[in-house]
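Colleague: Residues per chain, in single letters:
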Amino acid sequence: MGKKRKKKRAGRARSNLPPEKAGPTTADRAAADSGAVAESGADADSAPGARAPGSGVEVDAGAGVAGAQDEAPPPEPEAKGQDSDFAEGSLASAAPAGETPPGSRRDFLATAGGVLVGACAVGAAAGAARLAVPDVLQGPPPRFPLGRPSDFKVNTVTWIRERDLFVVRDGKGFGAFSARCTHLGCTVRRTADGFFCPCHGARYDARGRVLAGPAPAPLPWFEVWLEADGRVWVDTDQEVDSATAPLSLPGTRKAGEEG
Amino acid sequence: MSGFWAALGRNLADLPGNLVRGLRPGTGGEADRPARRMRRAFVYHLHPLQVSARSLRPLTTLGLGLTALTLFLALCLTGVLLMIYYVPTTRDALASTQDIQHAVAFGAFVRALHRWAGHGMVAVVVLHLVRVWATGAYVRRELNWLLGLALLVMTLALAFTGYLLPWDQLSFWAVSVSANLMDHVPWFGDGLKRLLLGGDSVGQAALSRFYMLHVAGLPALMIAVLVYHLWRVRKDGGLAVPAGAPVERRPAWPHLVLREAILILLVLAAFSLLSLYLDAPLGGVADPHNPSNPEKTPWYFLWLQEMVSYSAVVGGFVFPGVLLLGLLALPWLEREELDVGRWFGPRAGRIAVIVSAVLSVAALAVFVTLYLSGGANAKVSNWLNPATGMIVLSALVFLAAGTLSRSTRVAFLAGLAVLAVAVLGFTLLGVCRGPNWILYWPWEEWPLVW
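Chains as they are written, first to last, in this note's numbering: chain A, 23 to 281; chain B, 2 to 451.
Certain hints may be false.
[What the hints assert, rightly or not] Facing chain A, according to a computed beta carbon distance under 7 Å, are these residues of chain B, among others:
1) Gln-99
2) Asp-191
3) Arg-195
4) Leu-196
5) Ser-209
6) His-230
7) Pro-292
8) Gly-435
9) Trp-438
[What the hints assert, rightly or not] Cβ-Cβ distance ranges computed for the label pairs, FRET-style:
10) B:Pro-436 - A:Ala-150: 30 to 36 Å
11) A:Phe-166 - B:Asp-100: 20 to 26 Å
12) B:Trp-188 - A:Glu-249: 45 to 51 Å
[As the list claims (entries may be wrong)] Here are some chain A residues the structure puts well away from chain B; computed CB gaps all over 12 Å:
13) Leu-159
14) Glu-184
15) Asp-186
Derived from the structure by calculation, the hints contain no laboratory data. Quantities reported herein were computed from a predicted structural model and do not represent experimental measurements. Ideal placement from N, C-alpha and C gives every residue a C-beta, glycine not left out.
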């Protein structure tokens, strides 16, 4: 295992140093490990991708010489004995410039770096998406007064246009339900026997139960109560079962049941 | 002194020639050759030096990709012009659009061009997808197929976000109804709707978001993906060519470049003419509490709306899900290289598509008739409706065609043809929906309703 890692190191040194200098520079890091010097040196010599000594020396002279001069002896001849080993190394080094051999430290760092940057990007995107989901909704509050009881005559249905609501009052009490069709949210209209959605033809009876059409659910009823201020209030966040709404609506309900 | 005057006089005399040469590098003598080569190189950056003679024939691609690209560029230009006057607030949006329509020089023309080019781009991009599917040009080009699907989704999103901006009755309710389709998406529908609308219904928050997406977010994304898409076409070796067919090559310049220039000009001319004579519609101010009768989505979502009027779950989720999965899976499950680039592939493919299309039309007619005459029982129609029927038929045709022909190409041609017929059929039904959601023939006059 340790041997393998050393070989990759040698490969890296080779890529930016002239061949003669590669061995010693690597050796300075791998000095503690025996055999490293020989291996890397031999590697460098046999690498097909290595630069020609002439050009390399001139360009990289500063860095290469500085690293090389104070340390490590030149490659030792016993490297020849490890033929099979450095043949393998040569194969790895035959990869085109810029590609890292799989399993190497550079490969690991590149992958880890990519994953980290990717994770940051995903995190930033998630944050941006979260920003776009509003924590405070615009519009009027869900709880609001409908008016004084005397504003609504007995046995009538009143359309509260601005809030898409119907308020019903009969002999027993008050009720309120949504005027928004449960299909695709259009405002329903009153008909002789109930309600009708002009958008896609859903029909409801007088209590908002589905008679026909694509509506998947009845019109929702909301909680209403008489507040201490003497007005009838509604909370459109609180749905109630229409069957328990405190009213009977004798006239209209009968027509709805017949239809 | 005299040298100065002489030089000035000479330069003035030479001005016409020097203007031409100086402003158009590459037209001069030998010294200008590098510049000339660079101009040519720009074209070769987009196209290879030589292209197959096949790709020069109009019927190979119908020029749909380039038409879409042309319309996209026209939309960018006209869109920027419209931004000069448009104000994205619920109070001023309609008024500023009316200004563009009536009080701005060439405003009505530019607005009409933007509107019709937008509709045209949706149609052309869909046809482009159909062409790539029908000619098997997705084989071994998985990435570009996926990029293309992304571009289709972005095109629809751009058209949809733009639809709201005039803030008239038509646009408000069309977008409201479409956005409420998301109520029927299970689990994440509500979150998605809030993310898009910035609330539970269409209001100022939605208008701001749609404006941002329409003029900045989506176009930026689209340009990035579009460039990648075009680059991949070239990297994948240009237009798909049938395996084993002899390839005859022609120089891209002038053969291909000339044809492309002609197509671009024809497209621009056609849409300009259309926009001169046909104004973009503009209705009265949006009334969020009073929909018209009937209220419809834009035409490219009518098929969804029609299916959702049968069943919210099947129409809004199952059918589009099956269609999208089929399209996503296509280049991974269908990898036959034979007959790539040929319309409807091998002979068996052509037969299969014809049989499957005829079968689908008949089945759709039967399903719809049964559904409409069957009375509305919500519990049953939730699963037993024409949309479900077409999904099942598609699966059956897919398996049957594949088994009989032993070819994945034929199976996907026949199976997706059923879904294509379904989308087309439901769109036509949606077009025919009139007041009270009753079906009328397109030439029939609608009765007056309140």
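Colleague: Check each numbered hint against the structure and report the violated ones by number, ascending.
Modeller: Violated hints (numbers, rising): 1, 2, 5, 6, 8, 10, 11, 12, 13, 14, 15; every other hint is consistent with the structure.
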